[in-house]
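Undergrad: Chain by chain, the residues run as shown.
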Amino acid sequence: MNLAVIPVAASVSEWSDSFLERLPLLARDWMTSWLPEPWRWLVNSLLSIAVILSVFGLLFAYVTLAERKILGRIQNRPGPNRTPIPFTKLRFFGLAQPFADGVKSLTKEDVVPRGADHLLHFLAPVVLLAFSILTFAVIPYGRHLVPVELNAGVLYFFAAGAATELAVFMAGWASRNKYSLLAAMRALAQLISYELPLLLAWVPVVLVAGTLSTTEIVAAQSGWQFNVIPHWYVFTPWGAAGFAIFMIAALAESNRSPFDLPEAESELIAGHLTEYSGFKYALFFMAEYFGMIALSGMAITLFLGGWHAPSPYLEFIPSYVWFMGKLSALLLGFIWIRATFPRLRMDQLTRFAWKFLVPLALINLGNAAFWSLSLHWSGPLQILRWLISVLVVVGPFVLLGRKLSAGVAPRVYRYAV
Amino acid sequence: MSVSDLSGLNAERATPGARVREVHDSFHGDLLEVSMGPHHPSTHGVFRMIVTLDGETIVKLKPVFGYLHRNHEKLGETVTYLGSMPYTDRLDYLSSMTNNWAYALAVEKLAGQAVPERAEYVRVILAELTRLLNHTCLAGFLMQDCGCSGTPLMYAFREREYILDLFESLSGSRMMCNYQRFGGCRVDPSADWLAGAQKLTDRYGTFLDEFETLLTGNEIIMARTQGVGKLSPELAISAGVTGPMLRATGVNYDLRKVDAYGVYPRFDFRVPLGDHGDVYDRYMIRVLEMRESIKILQQALAGLPAGPIMDPKAKLRSFRPKAGEAYGRIEGPKGEIGFYLLSDGSPNPYRYRIRPPSFINLTVLEDMCLGHTVADAVIILGSVDIVLGEVDR
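Each protein sequence line maps, in turn, to chains A and B.
Just so you know, we're using my numbering here: the first sequence kicks off at 720 and counts up by one.
Just so you know, we're using my numbering here: the second sequence kicks off at -17 and counts up by one.
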């Protein structure tokens, strides 16, 4: 955008290197300072891995609890609230529930069907979890917190993310269960359908930012308009549309309601998870939430300004806190949608992807191209630029939406006399 | 069974499911037989469907039931007339009040027993409360089958709980009410109870508004249910389908109007009719029926006369009707629930036979499911509204 950025240079330099901002780095350096110099990079990397695993492991545990609590709240029930801290009578709203669940799944018998492919049946949850964790490597969690600086980080993220659906298919096929098989077929159809809008949704960001590196995409979204409106891509017409498409596709990619067809409980028992029990089931569960968290993190990086604060006056809060705040908001959205929406049917799911999301995403790509070409427009032309861009988003949305929901309408009923 | 044999199947079924099938036809895959049930989350009990799938499209569906068979009709011949009353609670355990009434009506016909006016009004009130309860539950379960993660179901169950509280305070039991007697009702509702019923009736419309705001206009619900599981009026009539499922096909047949039993002719209510006979119509007909039930409840509560609740001349314990036969039927929430009794003058019926609405409505399941997907079969089954206690008896 060619709008004047009111400089807040003083505060930026002040806060960007503040103690809180650098705290994770300082802690790491303090811990590795006794090591000889050539060894430090290795231990530093191992430390980042350990931090990611423990932080997101804990986050996973408490997202499951939050999901159950929020679902409960939406549905007029308390949710899990009975689990005490061990050896005490302190309940703390059931805060120990995830650990009780963990102990339960660890101690449960691991049943493998006799006809199952034992190797694949074992490998599927491992592969799923491994690829889910891989995606955490390139997300910038804070100003100084990027585990791996890849110049094609976005590409790497989606390559690793796409591999997870393979594991779902492995699970479905190896279980030798008809429900699992149906779920595996559904999962593959869903992958092929929704990978495309997911990818097309972030291409405009790459186009405008001119880079595939996640840190540089976040850097491109720095600055504020009048010190209040941040330069995040979601606040542009093409960015808002891209964000919406991205989040819908992310719902489908992480098998969440209303796109939870591979594990459609009311139809296929538990889908590809039908023949899994004990800790393997827990691994699937974990990987699903990791996938959801990673996709939310990427959505934040691409559209919501990454770790940037929404206003320069709020910069004193460290960047990683902002990231976690945005992440929680998106996860809350996931949970809310799950509590509200019914499930689509398979043909409707694929039709929605191919006839609605993919064309919209392609048009949005053109929209972003127009946006970056009209970068130098100013004055009244600026208003024209916004108008055109909004029209290019809203027009196709209305037209395609009308076509998609043709023949589906509320009905009027007659009464017998 | 080759796939080409089934090509004519969907000629008259221009449904989304049929279009999926056309695509599948070009691949000529193997058919997959899946046994859904008896312990499947969406078969509403211990019902079992053996479905033959082409991809995900159903080409054959064989219902299997009887897992909950309790020899109900034979038991009815071995106990006294009054002894069967609590057993009727266990038929359709969501609507024991209407089961009681249908059975009481059959026995009253058999014995020529009159019913006091107050009891007739109370019966109407309880039957309409049962209809509210049953339809609310059904809507919740149907939405659960559609894949809502429990939210509509929990809302429905919250309202159901209020009605069950009323039943409990009147009859002593939430679900197994055992309330109707030959010639009246067991206990007289108190003024407190009537005030509670009035309060619930006044409030129920608000709940329905909330429920409908959440669901009826929902794009996904409409896409999932419209045009799915179509039932033609001809097939519905020849299969003996009754209740909301029949009215959803557009056939005007409501026993409350046709038979005009009890005091129903005194109330002003309308019968909603569908035009398509699909799952959405079945859902909407029930929602609209609930609104009519509220109207009936308002009128019945306002016009409830004073007087005895039981006919003082009614005999319960040593009850021996004359030899003969009688068939009593009412419009239950699920359709026509009828009891056929054959008396030989002894304290037990010689023959005791039930016309269970959900069993008979279930017989057209395969016709509704063919050409649709597994996901559709689940909601079609949900829209039939079965209770296995009644299907298997």
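Check each hint, because a few of them may be wrong.
A few chain A residues that don't get close to chain B, going by computed Cβ distances all over 10 angstroms [claimed, not checked]:
#	residue
1	ASP829
2	ASP1066
3	ALA1128
4	PRO1129
Over 10 angstroms on every C-beta distance to chain A, these chain B residues come out as not near it, computed from the model [to be verified]:
#	residue
5	LEU64
6	GLY209
7	SER214
8	LEU286
Short derived list, chain B residues pointing at chain A, Cβ under 10 angstroms [as the list claims (entries may be wrong)]:
#	residue
9	PRO20
10	HIS22
11	GLY27
12	GLY37
13	ASP127
14	CYS130
15	SER131
16	THR133
17	PHE139
18	ARG140
19	SER220
20	ALA221
21	GLY232
22	LEU237
23	GLY364
Please keep in mind that the hints were generated in silico from the structure rather than gathered at the bench.
Yeah, the Cβ is synthetic: ideal placement off N, Cα and C, and Gly gets one too.
Undergrad: Work down the list of hints and note, for each, if the structure agrees.
TA: Here is what the structure says about each hint:
1. Look at ASP829/A: its CB is around 21 angstroms from the nearest CB on chain B, clear of 10 angstroms, so calling it non-interface holds up.
2. Non-interface status of ASP1066/A relative to chain B is broken: a Cβ of that chain comes within 10 angstroms, the nearest being about 5 angstroms off.
3. Not every beta carbon of chain B lies more than 10 angstroms from that of ALA1128/A, the smallest distance being close to 7 angstroms; the non-interface claim is violated.
4. For PRO1129/A, the condition that its CB be more than 10 angstroms from all CB atoms of chain B is violated, with the nearest at approximately 6 angstroms.
5. In this structure LEU64/B is separated from chain A by more than 10 angstroms, as the shortest Cβ-Cβ distance comes to about 37 angstroms.
6. For GLY209/B, the non-interface assignment is contradicted: its Cβ lies about 7 angstroms from the closest Cβ of chain A, within the 10 angstroms cut-off.
7. Distance check on SER214/B: its Cβ is at least 18 angstroms (rounded) from any Cβ of chain A, clearing the 10 angstroms threshold; non-interface status holds.
8. The Cβ of LEU286/B sits about 26 angstroms from the closest Cβ of chain A, beyond the 10 angstroms cut-off, so the non-interface label holds.
9. Of the supplied interface hints, the one on PRO20/B is violated, with its beta-carbon coming no nearer than about 13 angstroms to a beta-carbon of chain A, more than 10 angstroms.
10. Of the supplied interface hints, the one on HIS22/B holds, with its beta-carbon coming within about 7 angstroms of a beta-carbon of chain A, less than 10 angstroms.
11. Among the interface hints, the one on GLY27/B is violated; its C-beta lies about 14 angstroms from the nearest C-beta in chain A, farther than the 10 angstroms criterion.
12. Interface hint status for GLY37/B: upheld, as the beta-carbon distance to the closest one in chain A is roughly 8 angstroms, under 10 angstroms.
13. Evaluation of the ASP127/B hint against chain A yields a held restraint, the C-beta minimum of about 5 angstroms falling below 10 angstroms.
14. Restraint check, CYS130/B versus chain A: the minimum CB separation of about 5 angstroms is within 10 angstroms; hint holds.
15. With its C-beta approaching chain A no nearer than about 5 angstroms, SER131/B sits inside the 10 angstroms limit, and its interface hint holds.
16. Interface restraint check for THR133/B: the shortest CB-CB distance to chain A comes to about 5 angstroms, inside 10 angstroms, so the restraint holds.
17. Restraint check, PHE139/B versus chain A: the minimum CB separation of about 9 angstroms is within 10 angstroms; hint holds.
18. Hint status for ARG140/B relative to chain A: holds, with the closest Cβ pair at about 6 angstroms, below 10 angstroms.
19. Evaluation of the SER220/B hint against chain A yields a violated restraint, the C-beta minimum of about 21 angstroms exceeding 10 angstroms.
20. Checking ALA221/B against chain A: minimum C-beta separation of about 21 angstroms lies over 10 angstroms; hint violated.
21. Taking 10 angstroms as the C-beta cut-off, the interface hint given for GLY232/B holds, the closest approach to chain A being about 9 angstroms.
22. Residue-level restraint check for LEU237/B is violated (minimum Cβ-Cβ distance to chain A is 13 angstroms; threshold 10 angstroms).
23. Against a cut-off of 10 angstroms between C-beta atoms, the interface hint on GLY364/B holds, since the closest Cβ of chain A lies about 8 angstroms away.
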